[in-house]
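Colleague: One-letter residues, chain by chain:
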Amino acid sequence: MPRTTPPWEIKRELQIKNEDTTNPKYGHEPEHRPPQDYIRYGVINLDKPAGPTSHEVAAWTKKILKIACIGHGGTLEA
Amino acid sequence: MTGILPITLEDSTKIVQALLYSGKEYVCVMKLHGDAEEEQIKKVLLEFEDEIYQRPPLRSSVKRQLRTRRIYYVDYFEMNQRNVLFKVGCEGGTYIRKLCYDIGEILGVGAHMQELRRTRAGPFTENGNRKVTLHEVAYWFGEWKEKKEDQTLKKFIQPMENALALLPRIIVRDSAVDALCHGANLTAPGVLSMDSGITNDSIIAIFTLKGEAIALAKALQSTEEIVKLDHGTVATLQRVVMPRGTYPKVWRSSRKE
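Residue numbers (our numbering), protein chains in the order written: chain A, 18 to 95; chain B, -14 to 242.
Derived from the structure by calculation, the hints contain no laboratory data. Keep in mind it's a predicted model, so treat the numbers as computed, not measured. Keep in mind that a hint or two might mislead.
[Stated by the list, open to error] Quick list of in silico lysine-lysine cross-link-like pairs, DSS-like style, CA-CA up to 27 Å:
no. : chain 1 : residue 1 : chain 2 : residue 2
1   : A       : K83       : B       : K130
2   : B       : K130      : A       : K80
3   : A       : K79       : B       : K116
4   : A       : K42       : B       : K139
5   : B       : K139      : A       : K34
6   : A       : K83       : B       : K132
[Said to hold, decoys possible] Residues from chain A that face chain B, not an exhaustive set, calculated with beta carbons under 7 Å:
no. : residue
7   : R20
8   : T39
9   : Y43
10  : I61
11  : A67
12  : G68
13  : I81
All C-beta atoms, glycine included, are put in the ideal place defined by N, C-alpha and C.
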C-alpha cells in the first residue's frame, strides 16, 4: 500500500461563518501572556538525551523549573 | 534513544492527549541477523507502508492487546553490511522496536532495532521552533531568574497552542467562551470559523479570536454542515484547558436551541 498523508502534511483552509471582534480586556494572545501564565500554559520542544527515561527527563524539567505538574507527549525509550 | 520529547508544563498537561494521538517520525538503524539483498530489504520496507498489527511489548505501560497502527511512510536511506538506516513516519503508539522485529521476520533473517531517534512528535521537529536540550532549559531558566527579562522565557518555552497545530480548529466568539470553560458543549451560534476537513468524530481544538486554546473537543458535524447550521450542538467537549472567568459570563435571553 502506498504512502499515506501524515497529519503534518494535511492542508486545511479556514472557512469563515461569521465575523466578530474580541475584547482586549479579557484573555491574552498566547505569546503575550504574563510570565507566570506563560509558563503555566507552556510547552517545551525538548531534545531528549540518551540514557534517562522520558519520565526521568520530565521529572528533571519539573525540578529545574520548580513547577507542580508536568507531562510529556509520548514515551521515548531510554 | 534520543529525540523530540514535547514536555507540557503545568496546565498544558491537560492537552497532552493531542500529542499522543498525533503522528511521529523516527530515524532508525535496524541490525539484521543475517545477510539480505538491498533490493529485497527496500521491497519489504515498503510493504510496511500500511495499517499494521502490533501487540505492545512486555515493557510497556499500555494494555498488551493486539491493535493496529498506521505507518504513513518508510523511507530507506542506506545500508552498511547488516545495518539498515531508514526513516519512518507513523501513528502515535507505534513500537518501532516491534516494527524492526517484524521486518526481520518477513526478510527471514531476523532483525532488531539498534538505534532510534525521534525526529518529529506531532508539530514539534528537530529543526523546529525553539527546540532545546535539558542544558539549555536549565541555562535559560537560570538567566530568567537572574535577569528577570521575560523575553528569555520564550527562548525555551512556547505556548501550548503550538502543540495543537495539527488539530483542526474551530474559532468561537468571546460570548461563547465562558460557557465552554464551564463544560457546556459547543453550539452553532458560537462558531465564527473552522478549518476544512472536519468530520463527525474528529478531535478538534477550540480557540478564541486571540488564538488562545479553550478546549479539546469531538466534532459532531462536518465543516460543511457547521457552516450552514444556525442552532444545535456542533461539538462535545473532551478536555477544558482555559480557566473559568478568563472571559466574562454572558447571559443569553434564550438558552434553548
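Colleague: Compare the structure with each hint and give your call.
Modeller: For each hint, the structure was consulted:
For the hint linking A:K83 to B:K130, the alpha-carbon distance of about 12 Å falls within 27 Å, and the restraint holds. For the hint pairing B:K130 with A:K80, the CA-to-CA distance comes to about 14 Å; that is within 27 Å, so the pair holds. Under the criterion of a C-alpha separation no larger than 27 Å, the hint pairing A:K79 with B:K116 is consistent with the structure, at around 17 Å. This hinted pair checks out: A:K42 and B:K139 have alpha carbons roughly 23 Å apart, not beyond 27 Å.
Straight-line distance between C-alpha atoms of B:K139 and A:K34 comes to about 34 Å, which puts the hinted pair past the 27 Å bound. Taking the CA atoms of A:K83 and B:K132, the gap is about 17 Å. The hint holds against a cut of 27 Å. For A:R20, the interface hint holds, the least distance from its beta-carbon to any beta-carbon of chain B being 4 Å, beneath 7 Å. Look at A:T39: its Cβ gets to within about 4 Å of chain B, closer than 7 Å, so that hint holds up.
Hint status for A:Y43: holds, given a least beta-carbon distance of 5 Å to chain B, under 7 Å. A least Cβ separation of about 4 Å between A:I61 and chain B falls short of the 7 Å threshold, and the interface hint therefore holds. The restraint placing A:A67 at the interface with chain B holds, with a minimum CB-CB distance near 5 Å, inside the 7 Å limit. Contact between A:G68 and chain B, as hinted, is not supported at the beta carbon level, the nearest pair being about 9 Å apart and thus beyond 7 Å.
The beta carbon of A:I81 is positioned within 7 Å of a beta carbon in chain B (closest approach about 5 Å), and the interface hint is therefore held.
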